[in-house]
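Could you slot chain B onto chain A? The hints should help.
Chains A and B supply the protein sequences, listed in that same order. Just so we're aligned: 81 in our numbering is position 80 of the first sequence, and the numbers increase by one with no gaps anywhere. Just so we're aligned: 20 in our numbering is position 19 of the second sequence, and the numbers increase by one with no gaps anywhere.
Since the hints were made in silico from the structure, they are not lab data. Where hints are given, some of them may not hold.
Each pair may be met inside one copy or between any two copies, as identical chains are not told apart.
As a list, the in silico DMTMM-like pairs of lysine to aspartate or glutamate whose alpha-carbon atoms are at most 20 Å apart [stated by the list, open to error]:
1. Lys-149 / Asp-139
2. Lys-48 / Glu-80
3. Lys-108 / Glu-34
4. Lys-191 / Glu-238
5. Lys-108 / Asp-32
6. Lys-48 / Glu-270
7. Lys-149 / Glu-219
8. Lys-108 / Asp-4
9. Lys-149 / Asp-124
10. Lys-108 / Glu-31
11. Lys-149 / Glu-270
12. Lys-108 / Glu-76
There are 2 protein chains.
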Amino acid sequence: MADRRTVFFISDRTGITAEMLGNSLLSQFEDFEFLRETVPFVDSAAKVQAVIRQVNETAVRDGRQPIVFSSVVDEAASEMIRRDVHALTLDLFQIFIAPLEAELGSKSSHTAGRSHGIANSNDYFARMDAINFTQTHDDGAATRDLAKAQVILVGVSRCGKTPTSLYLALQFGVRAANFPLTPDDFADHKLPASILPHRARLFGLTIHPDRLHRIREERRPASKYAAIENCRHEVREAEELMHRERIPMLDTSAKSIEEIATTILHRAELARHIY
Amino acid sequence: MADRRTVFFISDRTGITAEMLGNSLLSQFEDFEFLRETVPFVDSAAKVQAVIRQVNETAVRDGRQPIVFSSVVDEAASEMIRRDVHALTLDLFQIFIAPLEAELGSKSSHTAGRSHGIANSNDYFARMDAINFTQTHDDGAATRDLAKAQVILVGVSRCGKTPTSLYLALQFGVRAANFPLTPDDFADHKLPASILPHRARLFGLTIHPDRLHRIREERRPASKYAAIENCRHEVREAEELMHRERIPMLDTSAKSIEEIATTILHRAELARHIY
Numbered sequence: 002m003a004d005r006r007t008v009f010f011i012s013d014r015t016g017i018t019a020e021m022l023g024n025s026l027l028s029q030f031e032d033f034e035f036l037r038e039t040v041p042f043v044d045s046a047a048k049v050q051a052v053i054r055q056v057n058e059t060a061v062r063d064g065r066q067p068i069v070f071s072s073v074v075d076e077a078a079s080e081m082i083r084r085d086v087h088a089l090t091l092d093l094f095q096i097f098i099a100p101l102e103a104e105l106g107s108k109s110s111h112t113a114g115r116s117h118g119i120a121n122s123n124d125y126f127a128r129m130d131a132i133n134f135t136q137t138h139d140d141g142a143a144t145r146d147l148a149k150a151q152v153i154l155v156g157v158s159r160c161g162k163t164p165t166s167l168y169l170a171l172q173f174g175v176r177a178a179n180f181p182l183t184p185d186d187f188a189d190h191k192l193p194a195s196i197l198p199h200r201a202r203l204f205g206l207t208i209h210p211d212r213l214h215r216i217r218e219e220r221r222p223a224s225k226y227a228a229i230e231n232c233r234h235e236v237r238e239a240e241e242l243m244h245r246e247r248i249p250m251l252d253t254s255a256k257s258i259e260e261i262a263t264t265i266l267h268r269a270e271l272a273r274h275i276y
Numbered sequence: 002m003a004d005r006r007t008v009f010f011i012s013d014r015t016g017i018t019a020e021m022l023g024n025s026l027l028s029q030f031e032d033f034e035f036l037r038e039t040v041p042f043v044d045s046a047a048k049v050q051a052v053i054r055q056v057n058e059t060a061v062r063d064g065r066q067p068i069v070f071s072s073v074v075d076e077a078a079s080e081m082i083r084r085d086v087h088a089l090t091l092d093l094f095q096i097f098i099a100p101l102e103a104e105l106g107s108k109s110s111h112t113a114g115r116s117h118g119i120a121n122s123n124d125y126f127a128r129m130d131a132i133n134f135t136q137t138h139d140d141g142a143a144t145r146d147l148a149k150a151q152v153i154l155v156g157v158s159r160c161g162k163t164p165t166s167l168y169l170a171l172q173f174g175v176r177a178a179n180f181p182l183t184p185d186d187f188a189d190h191k192l193p194a195s196i197l198p199h200r201a202r203l204f205g206l207t208i209h210p211d212r213l214h215r216i217r218e219e220r221r222p223a224s225k226y227a228a229i230e231n232c233r234h235e236v237r238e239a240e241e242l243m244h245r246e247r248i249p250m251l252d253t254s255a256k257s258i259e260e261i262a263t264t265i266l267h268r269a270e271l272a273r274h275i276y
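Only chain A is shown next, with the shape it has when bound in the complex:
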């Protein structure tokens, strides 16, 4: 049986950064099972006391100290947590503030809520604009404004176009359209007419037929659409079409949405509107 440990992600903001870095670190210890608890918005003395109590009760219950990933920006709160919890506390934020202050020759403002705030309204509108655009241009739904797309993802049904487009819009503010390649296009041996004028901004996604088969089976079990022979045929035809048309191509089979989106962002040199 795997060794079990309780892990807390504590933040005076959303906790998303602490979760991301913490999980990335924990994934390096494969023989353990981690029970995760995120405690966000710890932004008052009462909440600091409450989370310290919660961690310490867990230590007693577990019979061993929990692991705490803290990204608390407020210096006093962060110190109190480090001092009073019975846990291995890894402070993801404070530890880097001192060297940054020294390098920049400037004191930090120690204020929570800046990075995911909406201080910068241009960012907000760029993000909304990208999300609207991407929603409207999902799966070939609209073709009118394709000239405004920064990138148009193409590929067979269920190869990852929609989640990748949404991630590009949400995370990077990129206006990403997507367009399916279907058996009709393969029969014609050419790209759909509506995306032809935008060939320079096409980016192809492909996928291993076995994986496509599994994904389609989840959606329409025992259908022709999901059959392995059909998946093999569609993938082969799509890859040939993209190859012939010199469309850059990425295999999504072993990749997460984050990896696919980041790869496209860099390979297609898309301008991001959010940092």
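Chain B alone, transformed into the frame defined by chain A:
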């Protein structure tokens, strides 16, 4: 004029974690202007050498050393970067590995690509399922499967329902539907019939009329829809309706999508399907 510094985010994976933590740290230094450069997928000796060269050329060009946020998992690559760049290097990953190894009494595997990989296929399907559901149930588009929604966001047009739903699906794997409250509903003084059976899972978003006006003006300038009087009227009616129906409510005006989504996740105690 603001003091300008070049910042690199270097990773052997997507760089998203390094960007998030790095930007959160940088946001504490308001008097500086940071030029950001992300270098992801630094996963070979050649790429390590290339990024070291890039940083050092920047140091010469800028006449001062850049700041490097590194989240490189590979120990040798990470050491080489720390040793050879002329920069303030903040290693977001390695610094925490040693205390974790000591606490767990176990060596880490030092392998890149675990946290955003697709090792866990259940996670992948849960995420896809949530994204599909959320896309299908955006803006009241489908009402058939609302019983399967974990949460149904309600509010006036442009108060943040769509981006919040998408973020809940992408980041947490939550099946989030959303449904608009319109002037028709206000005239009827009751909730739309199709969401009435799901009242326990409704969550209201509201917004300051001034902000709503600005957002709607971006979309339909000088329309009745965007007029400040109309925004005031719709927001007042929507808030009254939600109050009367005892629907929990969150003001999105000064919040980012991350903050809105995280608040709902915790306040509505939604089960997340991705960590």
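Discussion item. With identical chains, the pair Lys-108 and Asp-32 could be close in the same copy or across copies; at 20 Å between alpha carbons, which is it: within, between, both, or neither?
Written reply: between (41 Å within a copy, 10 Å between copies)
With identical chains, the pair Lys-149 and Asp-139 could be close in the same copy or across copies; at 20 Å between alpha carbons, which is it: within, between, both, or neither? within (14 Å within a copy, 23 Å between copies)
message: Reference check for the pair Lys-48 and Glu-80, CA-CA at most 20 Å: within, between, both, or neither?
response: For Lys-48 and Glu-80, the Cα distance is within 20 Å only inside one copy (14 Å; across copies 39 Å).
Should Lys-149 paired with Glu-270 be assigned to within, between, both, or neither, using CA atoms and 20 Å as the limit? The answer is within: 16 Å in one copy meets 20 Å, while 39 Å across copies does not.
| said: For Lys-108 and Glu-76, with the copy left unspecified, which applies at a CA distance of at most 20 Å: within, between, both, or neither? | reply: within (12 Å within a copy, 31 Å between copies)
- request: State whether the alpha carbon distance between Lys-48 and Glu-270 is at most 20 Å within one copy, between copies, both, or neither.
  value: Answer is between: at 18 Å across copies they meet the 20 Å cutoff, but 44 Å inside does not.
(request) Indicate which option fits the pair Lys-191, Glu-238 if close means a Cα-Cα distance not exceeding 20 Å: within, between, both or neither. (result) within (10 Å within a copy, 53 Å between copies)
Check your understanding: Under a CA distance limit of 20 Å, which applies to Lys-108 and Asp-4: within one copy, between copies, both, or neither?
Key -> Answer is between; shortest inter-copy Cα gap is 14 Å, intra-copy 42 Å.
Intra- versus inter-subunit Cα pairing at 20 Å for Lys-108 with Glu-31
between (39 Å within a copy, 10 Å between copies)
Check Lys-108 against Glu-34 for me: Cα-Cα at most 20 Å, and say if that holds within a copy, between copies, both or neither.
Cα proximity of Lys-108 and Glu-34: across copies only (15 Å, versus 40 Å in one copy).
Can you give me the call for Lys-149 and Glu-219, within, between, both or neither, at a CA distance of at most 20 Å? Answer is between; shortest inter-copy Cα gap is 17 Å, intra-copy 34 Å.
- Should Lys-149 paired with Asp-124 be assigned to within, between, both, or neither, using CA atoms and 20 Å as the limit? Cα proximity of Lys-149 and Asp-124: one copy only (18 Å, versus 33 Å across).
Comparing the model with each earlier hint shows no violations; every hint is respected.
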